[in-house]
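Dock chain B against the given chain A, drawing on the hints supplied.
The primary structure of each chain is shown beneath.
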Amino acid sequence: MSRSLDHSARTFVFCALGWLLAAAAHAQEITGAGATFPGPIYTKWGEDYARAGGDVLNYQGVGSGAGVTQIINRTVDFGASDTPVASDRLASEDLLQFPAVIGAVVVVVNVPGVDGDTLRLTGPVIAEIYLGRIRMWNAPEIQRLNPSLALPNVPIAPAYRADSSGTTNIFSNYLAAVSLPFQTGVGAGNSIPWKTGVGAPGNAGVAASVINIKGGIGYVEYAYATENGMQTPLLQNRAKQFVRPTEAGFSAASVQVNWKDAPNLAATMLNLGGPATWPIVSATYILLPRNPSDPARAARVLKFFDWAFTDGGQAATSLRYMTLPPEAQAQVRLRWSEVKGPQGPLWPPQ
Amino acid sequence: MMSSVYSTRAGAGLASAINDRGSRVSTPTEDALARKPGIHLGDTVFRTVLYASAGVVVVSLFAILLIMFLGGRQAFETFGLEFIWSTQWNPVKDLYGALPAITGTLITSMIALVIAWPIGFGIAFFLTETCPRPLRSPLGVAVELLAAIPSIVYGMWGFFVLAPFMATYIQPWLTETFAFLPPIGDSFFWFAAPPIGVGLMTASLILAIMILPFIAATTRDVLITTPQLLKDGAYALGATRWETLTGAVIPAVRGSLFGAVFLGLGRALGETMAVVFVIGNATRMPDSLLAPSASIASVVANNFPESEPGSIKLAVLLALGFILFVVSFGVLAVARLLLRQERMS
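Each protein sequence line maps, in turn, to chains A and B. Residues in the first sequence are numbered from 1 upward in steps of one, following my numbering. Residues in the second sequence are numbered from 1 upward in steps of one, following my numbering.
These aren't lab readings, by the way, just hints derived from the structure by calculation. Nothing here was measured: the structure is a model prediction, and the numbers come from that model. Keep in mind that the hints are not guaranteed to be accurate.
Restraint ranges, calculated between C-beta atoms of paired labels, are given here [claimed, not checked]:
id	chain 1	residue 1	chain 2	residue 2	range
1	A	Gly344	B	Met285	56 to 62 angstroms
2	A	Thr31	B	Lys93	30 to 36 angstroms
3	A	Asn73	B	Ile67	34 to 40 angstroms
Just a few of them, taken from the derived set where beta-carbon distance is under 8 angstroms, the chain A residues facing chain B [said to hold, decoys possible]:
id	residue
4	Gly61
5	Gly65
6	Ala66
7	Ala162
8	Ile192
9	Gly199
A few chain B residues that don't get close to chain A, going by computed Cβ distances all over 12 angstroms [as the list claims (entries may be wrong)]:
id	residue
10	Phe62
11	Ala193
12	Leu339
Every residue, glycine too, gets a C-beta built ideally from N, C-alpha and C.
Just chain A, same shape as in the assembly (with noise of 0.2 angstroms):
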């Protein structure tokens, strides 16, 4: 009795073995290097996607600049970065780009006696703190936008980025459009001359920063703030509404894009109109050679993301990133076609 089962079990072990090695075998491998923020959504869809039966993808998250080179380079299947790459550029380097996944930027903040999620903040305003025009907490230019609140006499203490970061570059490309001094002042970068605050390493840095200390407040992609339970103020947006920072809020930016006429793709989502917009919004790219030298591998690649756009939706709000609107994704796909192998266009599928 004992025997058999064992027998049965071995039996269940070695077919489990052989139908693991000819999964493997079947899999092929896709890599991407490139922007961290989108790593775990990118590792995720990877995850899913293996399980569903198709390629293995092996993702490093290396940073924005470090994908660019490495597509240009040509020694990954496709580069990600957070920030669209210039025109010239992606045409002299024969690179097609297009937005995968959506994100926010949200503001965190630690005040001594304020509940931060009633806390009301414009976008000027944040420019003057982060310039250092405004130190105090109970500086009239905030008591005014908030007067039922009691704002305590606390110096304000601004944290941000120390690393590169994409981050850095959507929250100061916001700035930068909402106001002049910040855009003359300091600019917009993924990593800019900031005139006062501390740096903290990575975005977890930043909300431990803000965390820790009194007076704090930082920006960070929204996932780090749900899962931190940190507190975010409202933000003023275009249309002059206060808006909390929610789902619906990022999807009412990407969805009043044009996409269509938008150069490579690359759209800007920052401070759009809308009464229920959030201001601090954008998508993070992906870059695949218009050349491949191996056509079969950049296929794959294709068949990747169109499987996460048909199916990945839940993995991404899962994670708090947003996925493309329908109209976006269709024009995603209407540029695939330039990617082409000796036989023509790689897509749609022959």
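Then chain B, alone, in the frame of chain A:
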């Protein structure tokens, strides 16, 4: 000289080996081996390996220095020598200067030294002179354990424990106590700053704790080597412990003591991970001793991952590395010189 070993019979070989090498005693096995021609080859190989091992250090040292210099040359070519004392740091416009990072590095290292030196010396003198014997070994181990803690642990402890403590208690106290210090021009205010926890002072404290075991251990070794005769003489003349220390021990080993301190300074200059957590990572000129700042090592660590090959930013980081290398090298050279002077006298 060696050939006689191989050419003679066993007995004569033994004798000549002893004659050739003075008091050396050779066992019969060794002697039997000595007659095989292989031993000569073994010796040569051994010597070559030794030379190669030593060579690895020299070659890698100069290779690193060379690569840093070649990689950073673009920065010096673009900004000129002014790069070293320029205070601008604007990644948006690709304008860089090294002074903020150099200032942060030097200030934190100096303050760390000022804090760690007396304490480290105190520990060392206590361990060698006044410590009760049963306490000596556990205390020594505790000091050495302090050196074994990884710097990332110091960093996280500094960020989560020390920084809030500094913000709540130490920084307001410093601001109040030293309010009388007149500011230097309108750009440096000593201790007048909002209490945010991280910054130059917190980084200095962490560095002080990190270099403390090095200073204590090296100083202890120096003090142990102080001739007992000297101390006995001082005590015999009726000197107290304090008088013996200041009148006999310290003058005798002054150079070595400086050497110990400079070794600690060398470590403080290059410390990276712990500093990244607590210095505040602000590549600006600090306006107070509590202000967030940046060190050369922290700037490189923060910016390296996203610096593209061939970019001016990468050149700037390598040039910063070169500057740090030169500063550290200078510090160690001074330390060596002082230690040698001591040995000479």
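Hints, verified against the model:
no.: 1; hint: A:Gly344 / B:Met285: 56 to 62 angstroms; verdict: 59 angstroms, holds
no.: 2; hint: A:Thr31 / B:Lys93: 30 to 36 angstroms; verdict: 35 angstroms, holds
no.: 3; hint: A:Asn73 / B:Ile67: 34 to 40 angstroms; verdict: 20 angstroms, violated
no.: 4; hint: Gly61; verdict: 10 angstroms, violated
no.: 5; hint: Gly65; verdict: 4 angstroms, holds
no.: 6; hint: Ala66; verdict: 7 angstroms, holds
no.: 7; hint: Ala162; verdict: 4 angstroms, holds
no.: 8; hint: Ile192; verdict: 5 angstroms, holds
no.: 9; hint: Gly199; verdict: 3 angstroms, holds
no.: 10; hint: Phe62; verdict: 29 angstroms, holds
no.: 11; hint: Ala193; verdict: 9 angstroms, violated
no.: 12; hint: Leu339; verdict: 37 angstroms, holds
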